[in-house]
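J.: Residues 1 to 162 (the UniProt record's numbering) are what the sequence shown spells out, left to right.
Keep in mind that the hints were calculated from the coordinates and are not lab data.
A couple of the hints might just be wrong.
[Stated by the list, open to error] Computed beta-carbon distance windows for the label pairs: (1) TYR24 with GLY153: 16 to 26 Å; (2) CYS135 with GLY68: 33 to 43 Å; (3) ARG70 with PRO18: 10 to 20 Å; (4) VAL10 with PRO62: 18 to 28 Å; (5) ALA92 with ASP121: 15 to 25 Å; (6) THR6 with GLY115: 17 to 27 Å; (7) GLN129 with GLY40: 12 to 22 Å.
In this text, all values refer to a predicted model and were calculated from it rather than measured experimentally.
Ideal Cβ placement from N, Cα and C applies to all residues, glycine included.
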Amino acid sequence: MTITLTVNGVDHAVDAPPDTPLLYVLRDDLALNGAKYGCGLGQCGACTVHVDGKPVFSCVTPVAAVAGRRVRTVEGLGTVDTPGILQQAFIAEQAAQCGYCISGMIMRAQALLDGVRRPTDAQIRAHMQPNLCRCGTHGRILKAVRRAADMMGGTVPQAVRS
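Let the hints inform the model, and build the full structure from the sequences given.
T.: Spelled out as structure tokens, the structure:
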């Protein structure tokens, strides 16, 4: 079955069974390898992408469910030469250890910052909770999200952060 997807602003016609996980189409058909296969059960978040601006686990999202909707991957935020603000913040805070979860973490954080310019630490923690980091860099991830908010002009006074 041919399904038309809009990924990072570009239309793609892909030939895939409708129940194929979006993750497989992104990686295998479109060569967008930022989203990672972690658990395959929608429990770790390594595969997080945006669909119409909302974070979703692409490993459990059927490709047919996103036909006609906007899909955004980490590749849509910036490039190696010109990283996006959130990517810059993750680099500056050295938020990645093994790096496997980072694209999912960045996509979940981007969804938060797209809707909340001045998130508190409690809001950041609650929003990021579905995504797991086995290396335990959660403290640096929190700092990176704060830094990105500051870079975007959403500086939060320290007293409000907790």
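J.: Now look at each hint and say whether the structure bears it out.
T.: Each hint tested on the structure:
Taking 16 to 26 Å as the suggested C-beta distance range, the pair TYR24 and GLY153 does not conform, at roughly 38 Å. At roughly 37 Å, the beta-carbon separation of CYS135 and GLY68 lies within the given 33 to 43 Å, and the hint holds. The supplied range of 10 to 20 Å is met by ARG70 and PRO18, whose beta-carbon atoms lie about 19 Å from each other. For the pair VAL10 and PRO62, the beta carbons lie near 21 Å from each other, so the given range of 18 to 28 Å is met.
At roughly 18 Å, the beta-carbon separation of ALA92 and ASP121 lies within the given 15 to 25 Å, and the hint holds. Roughly 21 Å separates the CB atoms of THR6 and GLY115, a value that falls within the hinted 17 to 27 Å. Restraint check, GLN129 to GLY40: a C-beta distance of roughly 20 Å satisfies the suggested window 12 to 22 Å.
Hint 1 from the earlier list is the only one contradicted by this structure; the remaining hints agree with it.
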